[in-house]
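At the far end of the sequence shown sits residue 352, using the UniProt record's numbering, and the numbering has no gaps.
Calculated from the structure, these hints are not laboratory results. Do not rely on the hints blindly, as some may be mistaken.
To be verified - Here are the simulated SDA-like cross-link-like pairs (lysine to any residue), alpha carbons at most 20 Å apart as the crow flies:
{"id": "1", "residue 1": "K287", "residue 2": "L173"}
{"id": "2", "residue 1": "K287", "residue 2": "D170"}
{"id": "3", "residue 1": "K287", "residue 2": "E276"}
{"id": "4", "residue 1": "K248", "residue 2": "V205"}
{"id": "5", "residue 1": "K175", "residue 2": "V185"}
{"id": "6", "residue 1": "K248", "residue 2": "V259"}
{"id": "7", "residue 1": "K175", "residue 2": "A63"}
{"id": "8", "residue 1": "K286", "residue 2": "G6"}
{"id": "9", "residue 1": "K248", "residue 2": "S329"}
Unchecked claim - Simulated restraints on C-beta separations:
{"id": "10", "residue 1": "V306", "residue 2": "G22", "range": "38 to 44 Å"}
{"id": "11", "residue 1": "K286", "residue 2": "V205", "range": "46 to 52 Å"}
{"id": "12", "residue 1": "D170", "residue 2": "Y267", "range": "37 to 43 Å"}
Backbone N, C-alpha and C define an ideal beta-carbon position, used for all residues, glycine too.
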Amino acid sequence: MHVPDGFINAPTSAVTGVVAAGAIAVSLRGARRELGQERTAPLAGLVAAFIFAVQMLNFPVAAGTSGHLLGGALAAILVGPFTGVLCVSVVLLMQGILFADGGLTALGVNITDMAIVTTVVAYTVFRGLVTVLPRSRRSVTAASFVAALLSVPAAALAFTLLYGIGGTTDVPLGKVATAMIGVHVLIGIGEAVITALTVGAVLAVRPDLVYGARGLTRKLKLRVNGELVDAPAVQPVTVPATTRSPRKLWITGLVTSLVLAGFVSFYASADPDGLEKVAADQGIDKKAEEHAAADSPLADYGVEDVDDARLSGGLAGVIGVGVTVVAGSTVFWVVRRRRTRDVSPTSTSTGV
1 MHVPDGFINA
11 PTSAVTGVVA
21 AGAIAVSLRG
31 ARRELGQERT
41 APLAGLVAAF
51 IFAVQMLNFP
61 VAAGTSGHLL
71 GGALAAILVG
81 PFTGVLCVSV
91 VLLMQGILFA
101 DGGLTALGVN
111 ITDMAIVTTV
121 VAYTVFRGLV
131 TVLPRSRRSV
141 TAASFVAALL
151 SVPAAALAFT
161 LLYGIGGTTD
171 VPLGKVATAM
181 IGVHVLIGIG
191 EAVITALTVG
201 AVLAVRPDLV
211 YGARGLTRKL
221 KLRVNGELVD
231 APAVQPVTVP
241 ATTRSPRKLW
251 ITGLVTSLVL
261 AGFVSFYASA
271 DPDGLEKVAA
281 DQGIDKKAEE
291 HAAADSPLAD
301 YGVEDVDDAR
311 LSGGLAGVIG
321 VGVTVVAGST
331 VFWVVRRRRT
341 RDVSPTSTST
351 GV
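Kindly produce the complete structure, drawing on both the sequences and the hints.
The structure is reproduced here in structure tokens:
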């Protein structure tokens with residue numbers, strides 16, 4: 001759903017740019033709390049890289065139409081909603097600058113739509129569901145599925161509203177809304193499956209690292225005289241930091257991202273995604289502009305001067321994953337360091 005330059009007029013794009021900048025500023029402050037645990041910053045960078053990789057895997061959803069992960073729900077549930085906004089924003093920035101995917105003047109539109117709307121809607125739905133569902137890993141996974149499913153048509157609706165305000169072509173809003181929401185409900189199913197499978201996989205090996213699962217541990221039950229009763233509370237055992245290291249998960253996630261972007265992406269659907277298909281069918285793309293980074297050596301997810309399509313796309317994917325994980329980890333490391341300074345002993349002293 002990357003919006004190119006020319007779909008939305010300059011004033012509306014400028015306003016969404018201000019909205020996006022404000023949301024990122026708020027998210028930077030909120031992420032300080034979410035990144036409080038040790039080694040959370042590298043995991044957040046990994047989430048950004050994984051979203052970049054999976055976004056390269058377009059899957060067919062209808063005749064001549066494909067879809068791809070947006071990632072807001074996945075990021076929010078794994079690392080928190082504020083950090084999630086930053087994760088998707090880093091991905092969009094890398095895609096726009098390096099790969100000419102999503103217009104640069106439309107960057108505010110894309111961040112507002114794909115990072116803010118999806119994350120806010122998904123996490124709101126997710127928290128509401130886990131509040132009423134049984135406190136279990138299955139509930140977290142099920143809530144992840146529903147939250148991701150609803151976040152995609154919500155983003156489609158948000159684009160429709162932005163088009164209604166600042167669209168550069170004269171297409172009836174009703175037609176745009178019907179087409180956008182209809183196809184993105186189907187894409188939402190794919191988003192939900194990917195999100196639920198990923199959250200479930202992390203829950204299976206390191207539930208302590210899933211932000212959305214914190215505080216949802218089920219009480220231990222004992223069978224006494226044929227009846228299940230709550231086990232007596234026990235003091236938590238302190239686990240050495242080395243055994244709690246997420247290094248194995250981080251390496252596994254990075255290798256998976258590299259394989260997906262560097263190899264599996266070659267087999268992704270070549271059909272236009274939901275927005276591209278609707279834009280072509282409805283005439284929204286009549287005033288689309290050439291991307292400012294169209295001459296980038298990585299434009300269109302290929303490496304310039306590499307003739308073999310498989311090798312070119314694979315190298316571009318690997319480069320994209322590497323750049324995104326470095327950029328994301330750096331951002332989150334800086335955010336966490338600022339939090340560490342803010343809560344240092346000198347800042348919490350009584351001054352007596």
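Hint check results:
1. K287 with L173: Holds: K287 and L173 sit about 17 Å apart, inside 20 Å.
2. K287 with D170: With Cα atoms ~11 Å apart, K287 and D170 stay inside 20 Å; holds.
3. K287 with E276: Measuring from Cα to Cα gives roughly 13 Å; hence the hint holds.
4. K248 with V205: holds (10 Å)
5. K175 with V185: Given that 20 Å is the threshold and the Cα spacing comes to 16 Å, the pair holds.
6. K248 with V259: Judged against 20 Å, a Cα distance of about 17 Å means the pair holds.
7. K175 with A63: Holds, at roughly 19 Å.
8. K286 with G6: Distance of about 9 Å is within 20 Å: holds.
9. K248 with S329: Cα-Cα ~17 Å, so holds.
10. V306 with G22: 38 to 44 Å: About 40 Å separates the Cβ atoms of V306 and G22, which means 38 to 44 Å holds.
11. K286 with V205: 46 to 52 Å: holds (49 Å)
12. D170 with Y267: 37 to 43 Å: Given range 37 to 43 Å: holds, Cβ gap about 39 Å.
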